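> Chain by chain, the residues:
Number of protein chains: 2
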Amino acid sequence: MKPSALSCTVALIFTAMIGQSAATAGNEPIQPITSAKVTNPALVELGKKLYFDPRLSKSGFISCNSCHNLSMGGTDNIKTSIGHHWQEGPINAPTVLNSSLNLAQFWDGRAADLQAQAGGPIANPGEMGFSHTLAVGMLQTIPGYVAEFKKAFGSDQIDIDKVTKAIAAFEETLVTPNSRFDQWLKGNKRAISKDELAGYQLFKKTGCIACHNGPAVGGNSFQKMGQVEAYKASSPAEGRFAVTGKEADRFNFKVPTLRNVEMTYPYFHDGAANTLTEAVDTMARIQLGKRFTPEENAKVVAFLKTLTGDQPAFRLPILPPSSDSTPRPTPFDRK
Amino acid sequence: MKPSALSCTVALIFTAMIGQSAATAGNEPIQPITSAKVTNPALVELGKKLYFDPRLSKSGFISCNSCHNLSMGGTDNIKTSIGHHWQEGPINAPTVLNSSLNLAQFWDGRAADLQAQAGGPIANPGEMGFSHTLAVGMLQTIPGYVAEFKKAFGSDQIDIDKVTKAIAAFEETLVTPNSRFDQWLKGNKRAISKDELAGYQLFKKTGCIACHNGPAVGGNSFQKMGQVEAYKASSPAEGRFAVTGKEADRFNFKVPTLRNVEMTYPYFHDGAANTLTEAVDTMARIQLGKRFTPEENAKVVAFLKTLTGDQPAFRLPILPPSSDSTPRPTPFDRK
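These protein sequence lines map, in sequence, to chains V and G.
For the first sequence, position 27 (counting from the first letter as 1) is numbered 27 according to the numbering used here, and the numbering increases by one without interruption.
For the second sequence, position 147 (counting from the first letter as 1) is numbered 1147 according to the numbering used here, and the numbering increases by one without interruption.
Please keep in mind that the hints were generated in silico from the structure rather than gathered at the bench.
A hint or two may mislead.
Within a straight-line C-alpha distance of at most 27 Å, the following computed DSS-like cross-link-like pairs (lysine-lysine) qualify [as the list claims (entries may be wrong)]:
(1) Lys305(V) x Lys1049(G)
(2) Lys1150(G) x Lys305(V)
(3) Lys49(V) x Lys1150(G)
Partner residues are not named here, just some residues of chain G that face chain V (Cβ under 7 Å, in silico) [said to hold, decoys possible]:
(4) Ile1078
(5) Glu1088
(6) Phe1106
(7) Glu1262
(8) Pro1329
(9) Phe1332
These numbers come from a predicted model, not from an experiment.
For each residue, glycine too, the CB sits at the ideal point set by N, CA and C.
Model the full assembly from the supplied sequences, consistent with the hints where possible.
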């Protein structure tokens, strides 16, 4: 038994599933993405504005959308992100798309959910460089925001809990249903090509599915980066160890979703793999001890590209203007 | 006769107009904004994607929309913009909204039109820090873009002329009709309040209208910053002098549009005025040798806020993903 299978208890279950020949959505280890249900539209609209608002950063230049760009698969497509004063981030920005399906947030899972995550970058000196107190104080001076908070929460008193709740509510809508693979899962056998299907079969047979499964094709477990062969990361990140302090968790990272993976390059927590070809090759080698032929690799990559779903479709939000009493951003203040 | 009137030949014409008491759109010195007519929708869609695409910068982080943010009145709401590697820009980013109505582009008018402007920031080392050759080469490796250029231009050969033409075509759609003031101009006398109308009368009577007139309420002449009283700029910019080399053009800047001015703070080419109150006070003093009472100032500001029109309404564009051969951005490369 391979080390990867030993560490993934779920792998055994899926191995059993893979044995079935006539695939239907019901017994596949990947399930279709379902559309988001919006229960409080005012909250989602407010969250959308906050998500796009660079005034939540010290500089007035960096918004959530700067590094989790919804025009680009919910990422920045940069190896590691750019923070306040052009600081080089320590890790690759994970996609916000379908992030509501993750078991926890950040690569090391240090935030339990989207709301807990949303406050992080705002106050991180290496990211947006602001503070929760300053962000809330700023928002409270903007009449347009005060009115929207009142509409969403029934009160015009703003606090960081409401800010992050609104951002999380918007982020929960950022699911990407209707990929070609989901159409196939739902019974449209012509939605994917013969090669793409062959790639999916390889993806299951080789064992990728052991960790990349479920509706998000990942996001539901922590796994060691380098199960079979050590991974030489270009990032200092220690993964789950930083949260639990347990040696066994060193270099354990949240398995990323493979939904929209065609758009979320570069890959891995250190952004070291520029292409899907490279990422598939490395993963097979260091996680599963396998080597794909170029033809096999191409088929797996073709399958992965069928996971691109409907991207978020909404009007660019128009932000309420600052008032005379709104503190102005200080982008060039080094303190 | 005041120096401002001497230098603005148009002023005399408008002074005559101001004498009329029953204002109608026909004889007002400000005309309503008309909606944009799109003749080549494929070109506009392509231009919209390019406008939002940070891959046109060396870092992969800065797009046209970074400094001319369409969520924020087509500006960045920062005193002077942030460029590649967090460089501090020399001048305040003018709004892209209604910029097709300007007599020329940039504060000093060094670009004749939007197409000529669009190439500037891409190749400016202090802004997007890229080059036209690199930008075109990058686009040519992206199949989604190649297809869109073919659709818009009938050829899949990309060049910088086509890139800037597409961006300009999108920018031409960024007009903001239907402001409350335009509704008033068109005959809806209840569209603006008594105080707002009084502010407009003051705006004309005091002479602001001499330079801020036409559909864009500005943008149609160069004028000296500090006609009556010298202006102590916090920016080294020399204005039109940098283009013509004529001493008479020193500190002559393009008169900015006042459309959506409520959203385009801070004000002036050096971004020194944080509020409309401050901007109106300074302008009256240094351009016209007048001092508004606080009540007068408030009325003029109230009028200016009626110039906010319908903001651009479109879906956030989804950018075509890079291919394996697309050169990756190099944000932390200092060369």
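> Next, verify each hint and record whether it holds.
Evaluated hints:
1. Lys305(V) x Lys1049(G): holds, 21 Å
2. Lys1150(G) x Lys305(V): holds, 24 Å
3. Lys49(V) x Lys1150(G): The hint is violated at about 35 Å.
4. Ile1078: Holds: closest Cβ of chain V sits about 5 Å from Ile1078(G), inside 7 Å.
5. Glu1088: holds, 5 Å
6. Phe1106: It is violated, given that the least Cβ distance between Phe1106(G) and chain V is near 21 Å, above 7 Å.
7. Glu1262: Status holds, d = 6 Å.
8. Pro1329: Interface hint status for Pro1329(G): holds (6 Å vs cutoff 7 Å).
9. Phe1332: Interface hint status for Phe1332(G): holds (5 Å vs cutoff 7 Å).
Of the numbered hints listed earlier, those contradicted by the structure are 3, 6.
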